[in-house]
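Chains as they are written, first to last, in this note's numbering: chain A, 1 to 110; chain B, 1 to 113.
Just so you know, the hints here were simulated from the structure itself, not pulled from any lab data.
Glycine included, each C-beta is placed from N, C-alpha and C at the ideal position.
Be careful, since some hints might not be right.
Cβ-Cβ distance ranges computed for the label pairs, FRET-style [as the list claims (entries may be wrong)]:
id	chain 1	residue 1	chain 2	residue 2	range
1	A	G39	B	T20	20 to 26 Å
2	B	N73	A	I109	40 to 46 Å
3	A	D17	B	K71	39 to 45 Å
Derived lysine-lysine pairs resembling DSS-like cross-links, with alpha carbons at most 25 Å apart [unchecked claim]:
id	chain 1	residue 1	chain 2	residue 2
4	A	K26	B	K57
5	B	K71	A	K37
6	B	K57	B	K70
7	B	K9	B	K71
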Amino acid sequence: QQPVQSPQAVILREGEDAVINCSSSKALYSVHWYRQKHGEAPVFLMILLKGGEQKGHEKISASFNEKKQQSSLYLTASQLSYSGTYFCGTERTGANNLFFGTGTRLTVIP
Amino acid sequence: NAGVTQTPKFRVLKTGQSMTLLCAQDMNHEYMYWYRQDPGMGLRLIHYSVGEGTTAKGEVPDGYNVSRLKKQNFLLGLESAAPSQTSVYFCASTPARRSSEAFFGQGTRLTVV
């Protein structure tokens, strides 16, 4: 029931862009995105509801394609502070739980 | 506000010992969750609760029990710890409405030797 994330890891230079993907085999009601720094708790970034909306948070935005049960997180003009592990969390239609993916480790270097 | 507080932060157990992890939230949230985090496996849902007195199984419930006797507390128990339960455990809570931000505790690092 865990959503699948790709890639597993990515290394960027400051200013470069990245895309992180999340897909599920189940019908989704919403997709969450969180970022976790090493040794810390995950921190909320944004939620997308079914309807194909796209949201933004500074230079980080995301989209949700409910027909394909896929979401993508877009990081533009990356900064050193973007480093961390990104998790997508999915809520299935008709369910009350929140499942997270395996994570994508993003490293931004100078 | 403290948000979500986990107790303890670190613990070392011997195989076969039991222990209880406590999660307390002061945001009046209905839903609470327990996850374990292992390298390369992300956050996996152990058990969750949608309200006081209710619990349900997640992806990896075997070897764990939970209780939600009070709305603000969600307890995770290990009756007979095994080395495979060495992990970092996170508790999270959300309001009752769907698609709300999940607030996480700081985690409990458990080592079973």
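Each hint tested on the structure:
1. A/G39 / B/T20: 20 to 26 Å: 24 Å, holds
2. B/N73 / A/I109: 40 to 46 Å: For A/I109 against B/N73, whose Cβ atoms are near 43 Å apart, the range 40 to 46 Å holds.
3. A/D17 / B/K71: 39 to 45 Å: 43 Å, holds
4. A/K26 / B/K57: Within the cut-off at roughly 18 Å; holds.
5. B/K71 / A/K37: Answer violated: B/K71 to A/K37 is near 29 Å, above 25 Å.
6. B/K57 / B/K70: 18 Å, holds
7. B/K9 / B/K71: Distance ~22 Å between B/K9 and B/K71 Cα, so the pair holds.
Going down the numbered hints, you'll see the structure goes against just number 5.
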